[in-house]
Amino acid sequence: MTARPRALAVMSDDAYSLLFDEPRRRRFAALADVAEAVHASDVDDPALHDVLAEVEVLVTSWGAPRFDAARLARMPRLRAVFHAAGSVRPHVSDALWERGILLTSAADANAVPVAEFTLAAILLAGKRALVHLRAPETTGAGWQSSVGNPRVGNLGRTVGVVGYSRIGRRVVELLRPFDGLDVLVADPFADADAVAAAGARLVSLEALLPQSDVLSLHAPALPSTRHMIAAPQLAALPDGATVINTARGSLIDHDALLAECRTGRLDAILDVTDPEPLPRDAELRGLPNVAITPHLAGSLGTETRRLADAALDELKAYAAGAPPRHPVRRTELEWIA
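Here the sequence shown is numbered in our numbering, starting from -8 and rising by one per residue.
No lab work stands behind these hints, which were simulated from the structure alone. Keep in mind that this is a model prediction, so the values were computed, not measured. Glycine included, every Cβ here is placed at the ideal spot set by N, Cα and C. Please note that a few of the clues may not be correct.
[Said to hold, decoys possible] What follows is a set of in silico ranges between Cβ atoms, one per label pair, in the way DEER data are often shown:
#1 Val143 to Leu249: 18 to 28 Å
#2 Arg192 to Gly231: 52 to 62 Å
#3 Pro268 to Ala60: 30 to 40 Å
#4 Pro168 to Leu249: 26 to 36 Å
With these hints in hand, go ahead and build the complete structure from the sequences.
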């Protein structure tokens, strides 16, 4: 390994322009030998033959390809891939693991805006603010109409967090200052002491549901988690509860959710859906107690620069011979998002 490893950014043109503003491009060039080729959107381009033959580190993001055996064969000196985005699943192959190539992810950096969005959604759900935004005619009566509404307020409420993932953990931490909220966590792999130290209580999903005024989902999309919130789970929620999904649309049975929201018994705030996006004529879109946003919770705009920073931090550690900060291991692909 050299002090300044030969590196290349591999991502779409749009992603590179978004993530790497001028200060981050300068930092990239200071940490690595990027020569004349700094960024490539197509590693299959024959013109990149000489660059790929020498490259030791890739910084990847949206638009990067799957690194299969054929592509890796063009990069015999490749030692590390630092992914400036969340999920690495679309990009890995058996050949990458077999080569022993280091892989890291910026998923922790991406967790920050998702957790912030979720916190905002939880607090707005307590006030039923989005219901009034969706149905402006309800605001005509003024604040007096909500004073005695038992469905309104963030004091004495219980938030159920399903999935103590990197995002779920951040949500629990962000909720800690709000002493009017009791926080429960359901995750079969979570440690009860760690959850308690963060200010929440670990319980089973069955115990969590009937206590949750707000249900916030943070589990990965796996075959075992598909429709983990279906008709029986929704029926177990108390009247007036709000379902928030900033994870993956497949976690919820949308037909069952529609049946509950159609009656007005439950509210929903959905940043992800199944399918995504929902058809324009989907009934969920028209319900006044359902708010749907187009996958806004993750890193967007200026927030994406956190992803570049995370990858460049990994590059800095690598060049210094230090251990990676957020490595991804092959065994983790079974359960990470």
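Take a look at whether the Cβ-Cβ distance between Arg192 and Gly231 falls inside 52 to 62 Å.
violated (22 Å)
Tell me if the beta carbons of Pro168 and Leu249 are separated by a distance inside 26 to 36 Å.
holds (35 Å)
Cβ-Cβ distance between Pro268 and Ala60: within 30 to 40 Å?
Holds, at about 35 Å.
Distance restraint hint 18 to 28 Å, applied to the beta-carbon atoms of Val143 and Leu249
For Val143 and Leu249 the Cβ distance comes to about 24 Å; the hint holds.
This entry does not satisfy hint 2, going by the numbered hints stated previously; all others are met.
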